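Chemist: Sequence:
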Amino acid sequence: MKKILILIGIFYTTYGFSQVGINTKSPQAPLHIDAKGDTNNNTNTTDDVVVNGRGNLGIGTITLTNRLEVHGNSVVTGDDSVKGNLDSKTISAQGGIRVGKEDLTNAQNHLEIYSNGSGTGLRLENEPQINNTNLRYVPVMTQKSTDGVLAWANLPMVTTTVEGTVSGTISSNWSNVTSSISLNEPGYWIVLISFTSLTQGSVSNANRSNVFVQLWDETNNVEITRGASSTESSGFKVGAPQFMHVLRVDKPMTIIGRAKCLFTTYIASGFWGDPKFYAIKIN
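If you count the sequence shown from 1, you need to add 21 to reach the numbering used here.
Mixed in with the good hints there might be a few duds.
Said to hold, decoys possible - Here are the simulated lysine to aspartate or glutamate pairs, EDC-like style, with alpha carbons at most 20 Å apart:
1) Lys281 x Asp295
2) Lys46 x Asp68
3) Lys272 x Asp295
4) Lys258 x Glu206
5) Lys272 x Asp238
6) Lys297 x Glu184
7) Lys281 x Asp271
8) Lys272 x Glu239
9) Lys272 x Glu206
10) Lys46 x Glu184
11) Lys46 x Asp100
Hint data in this document are derived by calculation from the structure and do not stem from the laboratory.
Small disclaimer: the values here were computed from a predicted structure and weren't measured.
Please build the complete structure, drawing on both the sequences and the hints.
Modeler: Dropping the structure here:
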C-alpha cells in the first residue's frame with residue numbers, strides 16, 4: 022500500500038504540476054536537481070541543475086535563457102568544437118589564449134586581448150622567423166578591412182623608390198639644383214640629396230663657406246628642412262651627403278632640392294657616385 026501511495030504521489034506531481042524535483046520540494050523547472058537541498062527561490066543555486074520548459078539546460082543557475090548555461094568553472098577533456106559565435110571573457114590554455122584577463126597562469130604567450138586597465142588592448146605573438154628569409158620583407162599585422170579584421174602579411178620594408186636628377190650652379194641666392202619628384206603614396210619616406218661641389222674663381226682658404234641645401238615642398242610652397250656641408254678653396258672638389266631626411270607624407274606632394282653659397286660653386290658629375298637625389302618609401 023505504501024508503494025502505491027508513492028507512485029500516486031509521483032504521478033500526481035508529474036501530471037499536476039509538470040515538474041520533477043530531486044532533493045527539493047519546490048522545483049523551479051520541469052526538472053530540478055538541488056544537490057544540497059538548500060535552494061530558496063533564486064538563492065543558493067550554485068549546486069543546482071535544471072531543465073526548463075524550453076529544453077534549456079542550466080548548471081549552477083535556475084534562471085537561464087540559452088540552450089546551455091554553466092555558472093562556474095568547467096573543464097573539457099578532449100576537443101571542443103564551436104560552430105557559431107564564441108563570446109567569452111576568458112579562454113585559457115597553457116601558453117594559449119586569454120580574452121578579458123582573469124589572471125590565468127601561463128596564458129600570456131600567444132594571444133591576449135584585454136582592456137580592463139591591467140594590460141594592452143591586443144597582444145599577438147607568433148615569433149616570426151626572418152633570419153633565413155629575404156630581409157626586405159618583415160611579417161607584420163595589418164588591417165585588411167574597415168571592420169577591424171587583422172591578418173599577417175609580409176610587408177616590404179622598401180616599397181617605392183622615386184629618383185630625380187641633380188645639376189646646376191650654386192650662387193648666393195636660393196636656386197633649384199634638382200628636378201622635382203612627386204611623392205604620391207602616404208607614409209614615411211627617406212629623402213637624400215648628395216652631390217660633389219667644385220669651387221672655381223678666386224677663393225682663399227680663409228674665405229671658404231658652406232653650401233646650404235634646402236628640401237622644399239613645392240605643393241605647399243614651404244621649406245621642409247635644410248642642411249649644409251663645407252666647400253674647398255678654388256679648384257678643389259668636395260663630396261659629401263648633404264643630408265638624409267625622414268619625411269612623413271599625408272597627402273601627395275612634390276618636392277625639390279635648392280642650394281646657395283656665398284660664392285659661386287658648381288655641381289660636378291661622375292665623382293664618387295654623385296650626384297644623387299631620391300626618395301625611398303619605407304612603409
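Chemist: Any hints this thing doesn't respect? Which numbers, in order?
Modeler: 3, 4, 7, 10 and 11
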